[in-house]
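Engineer: These protein sequence lines are chains W and G, in that order.
Numbering-wise (the working numbering), the first sequence opens with residue 4 and increments by one.
Numbering-wise (the working numbering), the second sequence opens with residue 4 and increments by one.
Worth flagging that the hints you see were computed from the coordinates, not collected in a lab.
Bear in mind that the values here come from a model prediction, so they are computed numbers and not experimental data.
All clues stand as given, with none of them false.
Sample of chain W residues facing chain G (criterion: CB under 10 angstroms; computed from the structure):
#1 Gln14
#2 Ser15
#3 Leu24
#4 Ala29
#5 Ser143
#6 Val144
#7 Trp148
#8 Ile151
#9 Tyr160
#10 Val270
#11 Phe285
#12 Ile288
#13 Ile293
#14 Leu303
#15 Asn311
Counterexamples of contact, computed for chain W against chain G with all Cβ distances above 12 angstroms:
#16 Trp5
#17 Ile116
#18 Pro171
#19 Met174
#20 Phe185
#21 Lys320
Computed list of chain W residues with no C-beta within reach of chain G, every gap over 10 angstroms:
#22 Glu48
#23 Asp60
#24 Leu63
#25 Ile65
#26 Thr69
#27 Val71
#28 Ser84
#29 Leu97
#30 Phe110
#31 Gln183
#32 Lys233
#33 Glu237
#34 Pro252
#35 Val253
#36 Val257
#37 Ala319
Yeah, the Cβ is synthetic: ideal placement off N, Cα and C, and Gly gets one too.
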Amino acid sequence: MWTFIARRLLQSVIVIFGVTLISFVALQIGGDPTYLFVSERATEEEIAMVREALGFDKPLHIQYLTYVANVAQGEFGNSLSYRQPAMEIVLGALPATIELTIFALTFAIGMAIPFGVFAALYRGTPVDGGIMTMAMFGQSVPNFWLGIMMILFFGLYLRWFPISGHVPFLMPLLQGEVAQAFSNLPQTLYYLIMPGIAVGFYSLSRNARLVRSSMLEVLGQDYVRTARSKGLTERSVVVHHALRNAWLPVVTMVGLEFGFLLGGVVVIETVFSYPGIGRLVFNSINQRDIPVVQAAVIVLSLIFIALNLLVDLVYAKIDPRVKL
Amino acid sequence: MSDVTTDGLTTLAPERGSNFGRELRRAGRSMVAAKWPVLALLILLVVAIVAIFGPMLAPLDPNRQNIMLRLAEPLGEGPRGATFWLGSDALGRDVLSRLLYGARISLLVGICAIAVGGTIGVVAGLVSGYFGGWVDDVIMRLGDIQLAFPFILLAIMFLVVLGPGVMNLILVLGIGQWVTYARIVRGQTLSLREKEFVEAARALGDSTTSIIFRTILPNIVAPLTVIASFNVASVILAEAALSFLGLGVPPSVPTWGSMLAESREQLIANKWWLAIFPGLAIVLTVLSFNIIGDWLRDFLDPRLKERR
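Extracted from the complex, chain W is given alone in its bound form (with noise of 0.2 angstroms):
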């Protein structure tokens, strides 16, 4: 178990120093990274002056470990934009992001599992057909479109839902504010609904056959046939036998699944008007405010892989058969 832990963490610090890797040759390849670093309007003794503060004019490889440790101190320049450190910006669009991220994730997996269950015990039923039928749509629609629809239709023409905007929750938290925190909590998940959705269609789409195909297959294994020659209800056999190991490869789906997430909260915070780290990188694109760019990217990646660390820990833990 602990060398397993322990690999896993030198995996973990191997894969954070590719990104910052990745992300260095991302500022390199358009030519001297200086340009990226000051507004248009810049003056020659400004951009000579951020060139020299940012090290740019140093040798390659000097740039680059100063740039790991600017990034290992969350230095990453001043938004052009905001003329504030661009880390603060995307820590303080961070909390609103994981709400919508949480919520989504929540979605999808929560629904996948009945979903996917029931296909499997109604295989071959029009049960069955009419799920996949709609999982196999869900994998085909871009979440930014469904989002759009959703305005369309349920916030433009039926009115139920609010078509833009976030009432906080985290974020009072954090502060300290808990009464304030929870009594804003209805309010944040009535926001959320909808681009919550839109965001955690596919993946209760993909996850959804996941679980249905790992059902049938643990359905088909021996344990099961002896648990239900031994007479157990069927209730008993699928939720007790069958569903403890068909949930298994749904674990391991939840880290990426995240990450997957984390992408199309990009896009559907745009669509949304929702505050949060997407809407800023959206923002960002568009003026080419590259310094928080590239802090969002790199703040959702470590997320992104700490979060993967995390799991495989727990599916070493709950999983017997993982002896590492």
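Add chain G to chain W, keeping to what the hints say.
Structural biologist: Frame of chain W; chain G shown alone:
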């Protein structure tokens, strides 16, 4: 390679191109039996025709602005007696014509990105699986690093520096896909490496390059086609998302993703046609690729069908 060795290989290699015609007829029958793949194929055929002949089919110039006729509803009156079949956008451009031109970019980017990613991935996988050792280690760890990094973020990071453009888009999307191919090909190569017909090729004195590309590669084409068809679907989705973010192709080129991005500003005003038609075009295309991929997987590996 001399003729003798080629013949020797054909007889030793399992079913390589020997009964192609019969296989094709079997595929046709299986497709008709499954029904949906036939429809999917028809849709893709239409999209392909539109992509190739788009400029001839488009009723109007997709970039011709007409402020007087902006935001016309579908079937609305166009310039000089023409009809805006699917309405016009905020600049008075014909939605149908833009849609037809957009097919070109979606398919071009989708297929070229797969070609780039597939080529890199297949070569990396073959080399990795055949030689093993440190080469294998390096290639596979590189892949791990890339997969540990959400792809769309990687794409954003490069495209924001490189700037929009079809070539950049294809390269970034392509490089994003190579690991999938490399992993599958590596696994297949590892098992094929020990097979008798590869042994035979080696004994006959074939060069390593020839063994890898002429003996092993043809035998892993089947699983590759399955991944490729699913992959085209996800690349088209990614392209649409990146175009939507303004990182795709330059604004003058109409794409389905950028049409959706522009539709966002007209959403509150309920100009639904701007959002519905490009979205439907993406859904139908992606859905068709996914259906074909599903069918192809079942057809090529009937064992998987057991569980479906």
